[in-house]
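**Student:** Protein chains in written order, with the numbering used here: chain Z, 1 to 228; chain Y, 1 to 228; chain D, 1 to 228; chain F, 1 to 228; chain A, 1 to 228; chain C, 1 to 228.
Among the hints, a few may not be true.
List time: in silico DSSO-like cross-link candidates among lysine-lysine, alpha-carbon distance up to 27 angstroms [unchecked claim]:
hint	chain 1	residue 1	chain 2	residue 2
1	Z	Lys216	Y	Lys216
2	F	Lys203	F	Lys66
3	D	Lys216	A	Lys203
4	Z	Lys203	Z	Lys216
5	C	Lys203	F	Lys216
6	Y	Lys203	Z	Lys203
7	D	Lys216	A	Lys216
8	C	Lys216	F	Lys216
9	Y	Lys74	Z	Lys203
10	Z	Lys216	Y	Lys203
11	A	Lys74	D	Lys203
12	C	Lys216	F	Lys203
Pair by pair, the computed Cβ-Cβ distance ranges are [to be verified]:
hint	chain 1	residue 1	chain 2	residue 2	range
13	F	Glu184	Z	Glu88	39 to 45 angstroms
14	Y	Ala51	Z	Ser106	32 to 38 angstroms
15	Z	Arg191	Y	Ser188	36 to 42 angstroms
16	Y	Lys216	A	Val190	24 to 30 angstroms
No lab work stands behind these hints: they were computed from the structure. Glycine residues also receive a C-beta, built at the ideal position from the N, C-alpha and C atoms.
There are 6 protein chains.
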Amino acid sequence: MGSGQVSFGRTLVVAPHPDDEVLGAGGTIARLAAEGEEVFVAVVTEGKPPAFDPEATARIQGEARKAHGVLGVKETIWLRLPAAQLSETSHATVNAALLELVSRLSPQTVLLPFVGDMHMDHQLTFISALVACRPHQAEFPKLVLAYETLSETNWNAPYLSPPFVPNVFVDISDHLEAKLNAMEMFASQVRQPPHERSIATLKALATLRGATVMRKAAEAFVLIRHVV
Amino acid sequence: MGSGQVSFGRTLVVAPHPDDEVLGAGGTIARLAAEGEEVFVAVVTEGKPPAFDPEATARIQGEARKAHGVLGVKETIWLRLPAAQLSETSHATVNAALLELVSRLSPQTVLLPFVGDMHMDHQLTFISALVACRPHQAEFPKLVLAYETLSETNWNAPYLSPPFVPNVFVDISDHLEAKLNAMEMFASQVRQPPHERSIATLKALATLRGATVMRKAAEAFVLIRHVV
Amino acid sequence: MGSGQVSFGRTLVVAPHPDDEVLGAGGTIARLAAEGEEVFVAVVTEGKPPAFDPEATARIQGEARKAHGVLGVKETIWLRLPAAQLSETSHATVNAALLELVSRLSPQTVLLPFVGDMHMDHQLTFISALVACRPHQAEFPKLVLAYETLSETNWNAPYLSPPFVPNVFVDISDHLEAKLNAMEMFASQVRQPPHERSIATLKALATLRGATVMRKAAEAFVLIRHVV
Amino acid sequence: MGSGQVSFGRTLVVAPHPDDEVLGAGGTIARLAAEGEEVFVAVVTEGKPPAFDPEATARIQGEARKAHGVLGVKETIWLRLPAAQLSETSHATVNAALLELVSRLSPQTVLLPFVGDMHMDHQLTFISALVACRPHQAEFPKLVLAYETLSETNWNAPYLSPPFVPNVFVDISDHLEAKLNAMEMFASQVRQPPHERSIATLKALATLRGATVMRKAAEAFVLIRHVV
Amino acid sequence: MGSGQVSFGRTLVVAPHPDDEVLGAGGTIARLAAEGEEVFVAVVTEGKPPAFDPEATARIQGEARKAHGVLGVKETIWLRLPAAQLSETSHATVNAALLELVSRLSPQTVLLPFVGDMHMDHQLTFISALVACRPHQAEFPKLVLAYETLSETNWNAPYLSPPFVPNVFVDISDHLEAKLNAMEMFASQVRQPPHERSIATLKALATLRGATVMRKAAEAFVLIRHVV
Amino acid sequence: MGSGQVSFGRTLVVAPHPDDEVLGAGGTIARLAAEGEEVFVAVVTEGKPPAFDPEATARIQGEARKAHGVLGVKETIWLRLPAAQLSETSHATVNAALLELVSRLSPQTVLLPFVGDMHMDHQLTFISALVACRPHQAEFPKLVLAYETLSETNWNAPYLSPPFVPNVFVDISDHLEAKLNAMEMFASQVRQPPHERSIATLKALATLRGATVMRKAAEAFVLIRHVV
């Protein structure tokens with residue numbers, strides 16, 4: 001990235017559901033793309049009937065495409081596992097999907113949802129993706145980070161589920177605008193304040209995470225592994 | 001407090017240094033005062049020469065008085081222990097000061113700085129105050145909460161010092177204004193954004209903590225003990 | 001509750017299996033009922049053939065009804081999910097059952113089994129109930145607490161599963177008798193000392209939890225969320 | 001064991017897959033056997049078609065038999081649950097298999113894989129085995145320990161999954177040779193350095209764990225429960 | 001100890017103040033002594049004027065002597081560091097006192113107060129004793145355990161100070177009587193129920209810790225290190 | 001560093017005592033120096049009479065100079081605070097020394113001893129250095145890491161002091177030789193195996209940390225903060 005300190009390189013962002021990637025890492029994606037890195041977004045699930053209306057699914061996928069365009073995502077991959085049902089999908093199936101993805105793309109950096117998020121799809125995506133990133137072969141992602149998701153990360157059980165205590169801060173001062181624009185593409189997902197999933201809250205979070213490290217806006221992450 | 005759910009009753013807010021009480025609990029103080037509760041603020045330390053300029057100390061104490069006026073604090077108590085030197089003050093001395101205070105005021109509720117804050121004065125204030133609140137006699141505070149302090153709570157070591165993961169949220173939607181006004185009284189302490197100790201960051205934090213529980217603004221706390 | 005400090009209001013106690021509600025919160029239920037609050041108990045599972053004998057299931061449900069009568073429970077709701085098989089029941093099904101329950105009853109306070117209990121039914125009940133209590137709409141439970149269950153909470157893996165470290169203590173000095181009477185209704189569940197699930201152990205736990213806060217008897221909880 | 005401090009007595013080692021017992025406790029097994037204790041190894045899973053090639057499964061089981069011979073294992077029990085699919089096997093089935101095993105063998109000591117290992121088979125084996133070891137009847141294992149497994153224990157999420165921080169160290173200075181020999185029997189599993197599952201890494205780990213307690217070689221464990 | 005499983009051998013119990021050793025390990029001391037082991041108790045501090053009345057100090061030391069007689073302690077060592085002032089005593093001094101003690105007695109087993117106790121004397125005793133037990137020379141204690149102290153262990157900050165989650169349980173069914181008798185020798189320290197430091201609470205704790213492992217009475221410990 | 005992923009830039013390694021920097025980060029120092037980065041080592045303490053023999057102090061400082069020469073350290077700074085007495089040195093003094101250092105050198109990267117190490121000098125060095133690295137001004141270190149120290153990090157209290165669970169791995173395959181050579185310069189500090197502070201143990205640790213990420217040798221760190 002910009003400062004010459006870290007090069008994220010080819011980057012894969014794994015989103016359990018469309019919009020998680022924007023909530024958690026939209027500014028970082030925009031910054032990486034602006035700096036010339038290739039950023040891939042893999043959307044793990046999609047709403048399937050009868051639990052979900054196919055039209056709603058199509059709509060949100062269209063929104064995601066527009067949001068990814070705003071951010072400069074190079075390619076969006078749809079894994080099409082069943083939303084809200086990862087816990088009923090065989091662990092081997094989820095593992096295989098993510099392993100194939102990581103093998104094929106060979107990303108240097110992977111961004112994951114946080115294992116302490118309230119939604120089981122987030123937890124299971126994290127777990128399977130971590131298996132796919134195991135450092136046991138010649139090639140594996142050198143940098144693995146977990147992002148926070150408003151309306152998931154703050155609602156789990158304090159001191160009983162793993163807490164999100166960020167140790168990596170990405171300056172997105174020049175890319176907050178793009179992040180908020182991308183989020184606005186998700187007309188079906190954005191809520192009015194004071195809901196967590198609102199533009200105002202997203203902005204407040206960027207301000208707070210930025211202030212922690214003297215930046216106008218930042219996205220915060222928990223480091224899972226960095227091999228240098 | 002308002003909703004009829006909890007009555008904080010007579011409340012003591014313990015601040016290691018002037019302005020911590022506003023940063024961490026200014027909105028809650030304003031709300032309690034507005035609801036007719038008696039709120040006491042104890043400022044534990046003061047800057048002493050040669051480490052601190054007496055004029056600067058006088059100035060910040062004056063700012064605190066004005067801020068407390070804005071919030072409706074009933075009485076400010078100055079314990080006048082040496083700032084930034086609690087770790088060199090005998091533990092028995094700090095214990096005694098806080099014990100005397102709690103015994104004299106008999107508060108039903110006590111608000112403390114967070115033990116995981118970076119500043120040792122915060123840690124030691126928390127530890128001694130907790131001793132003063134021991135539930136081993138007829139009278140003791142029934143509700144003990146720890147507040148977060150911008151520019152202290154977020155700078156400690158992730159996953160190595162105790163993390164601030166809030167489980168109590170006080171709605172301050174109608175009192176955020178008073179909190180920010182009170183903070184502005186601390187002309188010598190407020191910084192420009194993107195510093196953590198800025199009005200903008202304080203506002204962002206209130207927005208974020210509020211959104212977590214569908215409120216326009218909130219202050220968040222970690223529960224230490226509640227006896228019902 | 002009595003002291004005027006906290007009003008629990010309309011309260012829902014969620015029990016994975018009949019008797020968990022008495023072991024963990026029987027005294028609190030009795031106190032709330034005595035103070036005029038409406039207390040609902042939802043029993044999440046029932047033993048189903050072939051794993052369980054229908055007669056045994058009927059017997060324990062009859063015992064529960066008697067116990068709830070002793071405590072003053074307003075209404076017992078039977079969710080009838082399969083006992084010891086929640087981990088094979090779809091997560092969406094458990095979520096839906098608890099969400100419907102919380103929506104219909106609109107409790108102000110919810111008491112849950114502890115997520116660190118050894119029994120997976122306890123863990124999964126906690127997780128789904130927490131989803132049902134999300135603070136993201138106009139109405140949601142303002143106070144969520146987790147109770148401890150003798151013969152579950154103490155048998156999980158020390159320092160590896162989430163530890164039960166209580167921060168809320170409810171004085172049940174005047175209601176311990178009712179709690180023990182209610183437990184005795186569960187003739188099929190009570191064991192002889194030194195088994196954890198014995199009257200003597202239950203009494204010892206109430207004595208210990210009480211002594212921690214200078215009360216003759218108490219029930220202890222871990223706070224999950226309190227919105228004030 | 002040797003020093004007269006602890007007598008492990010009849011010991012059961014539970015291995016999710018063949019070779020876990022050697023990686024984690026091979027030296028301890030060899031030492032116990034040499035000291036005259038009866039050591040049983042239960043292999044929980046086996047690779048089943050179509051996911052696994054039956055020939056490969058037969059080969060690795062043959063390797064395990066040879067390894068157990070080297071170590072002096074008294075009896076190997078094959079539970080034959082499906083490898084890499086414990087999360088799709090009913091929890092009740094895994095519980096029942098381990099409960100039957102513990103009841104039948106009545107071991108005084110049980111060694112388990114670590115619940116924080118990356119592989120779900122390890123986690124689920126731990127959880128079900130802990131249920132089987134509950135101290136609620138006349139007979140139960142008095143000592144329960146969790147071992148570490150190279151290529152599983154170090155790859156989970158730092159600070160988010162339970163960390164392996166050993167508190168029990170078994171001196172295997174005289175039995176490291178046997179452990180390494182046993183591992184070499186697993187021709188299909190051993191990898192070349194710098195892979196974690198290599199002889200060189202296993203030796204380094206034994207050296208490190210030994211040095212922590214001034215021994216030439218040791219195996220390290222996390223204590224789950226010891227009843228004296 | 002009795003069952004032939006563990007031999008504690010020569011044992012040193014370190015008490016920050018007289019009576020901690022009885023509250024935390026009185027039954028274990030009685031059992032070890034009855035089984036023929038040599039048990040030493042080191043009392044780290046004594047109340048010194050002006051903070052403490054010399055007569056009170058003499059009285060409590062006399063009480064301790066009687067209590068130790070009841071339990072069968074072989075020798076009581078008085079380190080005479082200043083009570084409630086360990087945090088103002090140089091760390092090197094406390095280290096040296098404990099190092100000399102451990103070197104001279106060469107205990108196989110050491111029992112310590114818990115580092116998460118509320119009293120700083122407990123924390124600092126633990127820390128210095130752990131230094132004295134470092135496994136870096138030919139001789140060092142092979143078994144190090146931390147005991148719990150009613151009126152200290154339960155009053156620290158939940159989830160913020162290290163929690164006492166016991167993993168070692170010593171059956172004291174035949175020695176609870178002796179423990180309670182010894183405690184009664186401390187006329188100046190025992191309180192009436194419902195105070196934590198009462199005979200009734202001590203009994204309740206022994207019942208609860210026992211029930212967890214199907215014993216009539218037990219003392220519970222956290223394992224710090226066991227070298228086998 | 002080499003791979004183009006991270007540029008450590010101007011780097012400061014803070015060592016409580018001479019040789020900590022080599023034990024924890026000797027390979028990383030050698031690699032950085034080889035790659036052209038400027039590496040500074042600050043030795044915080046020195047043994048002072050009467051606790052320490054001035055000749056011994058001079059000898060070990062000479063050893064450090066030789067070791068630093070081997071590694072390619074640009075400059076060694078001696079802060080000369082009293083060894084084993086940081087806990088008796090005023091916190092303000094230690095803070096000031098480290099703050100002045102960080103301000104003067106303006107390092108981009110800082111390597112610290114681990115706050116969970118057994119030695120209080122390590123803990124206090126960490127705490128004061130973290131204050132010096134606060135991200136609240138224009139310039140501050142962008143990358144802060146904590147290293148592990150054989151004979152300190154493994155001897156603290158499992159699950160009670162902060163655990164070292166590494167998330168950053170620096171490949172030192174080409175620099176292990178230099179690290180071991182540098183360590184051998186410390187003739188007065190190196191011990192014979194199986195002591196933790198031996199060349200053999202240091203080598204085993206590098207092999208193990210390397211194997212975790214498929215490298216021949218690595219040094220492992222815990223990330224404190226990374227601002228990108």
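**Student:** Can the restraint linking Y/Lys74 and Z/Lys203 be considered satisfied, given a maximum Cα separation of 27 angstroms?
**Tutor:** Answer violated: Y/Lys74 to Z/Lys203 is near 36 angstroms, above 27 angstroms.
**Student:** Please test the hint of 24 to 30 angstroms on the beta carbon pair from Y/Lys216 and A/Val190.
**Tutor:** Hint violated: Cβ distance 53 angstroms, outside 24 to 30 angstroms.
**Student:** Tell me if the straight-line CA distance from D/Lys216 to A/Lys203 falls inside 27 angstroms.
**Tutor:** holds (14 angstroms)
**Student:** Does the structure keep C/Lys203 and F/Lys216 at a Cα separation of 27 angstroms or less?
**Tutor:** This hinted pair holds, its Cα atoms lying about 14 angstroms apart.
**Student:** Sort out whether F/Lys66 lies within 27 angstroms of F/Lys203, counting only the CA atoms.
**Tutor:** holds (20 angstroms)
**Student:** So if I understand the rule, the pair passes when the alpha-carbon distance is 27 angstroms or less; does Y/Lys203 with Z/Lys203 pass?
**Tutor:** holds (11 angstroms)
**Student:** Hinted pair, alpha-carbon criterion (27 angstroms max): Z/Lys216, Y/Lys216. Please report holds or violated.
**Tutor:** Given that 27 angstroms is the threshold and the Cα spacing comes to 22 angstroms, the pair holds.
**Student:** For the pair supplied as a hint, Z/Lys203 and Z/Lys216, is the alpha-carbon distance within the 27 angstroms limit?
**Tutor:** holds (11 angstroms)
**Student:** C/Lys216 and F/Lys216 were given as a pair; does the straight-line alpha-carbon distance stay at or below 27 angstroms?
**Tutor:** holds (22 angstroms)
**Student:** Please verify whether A/Lys74 and D/Lys203 have alpha carbons no more than 27 angstroms apart.
**Tutor:** violated (36 angstroms)
**Student:** Within 32 to 38 angstroms or not, the Cβ separation of Y/Ala51 and Z/Ser106?
**Tutor:** violated (56 angstroms)
**Student:** Between the alpha carbons of D/Lys216 and A/Lys216, is the straight-line distance 27 angstroms or under?
**Tutor:** holds (22 angstroms)
Comparing the model with each numbered hint stated earlier shows that hints 9, 11, 14 and 16 do not hold.
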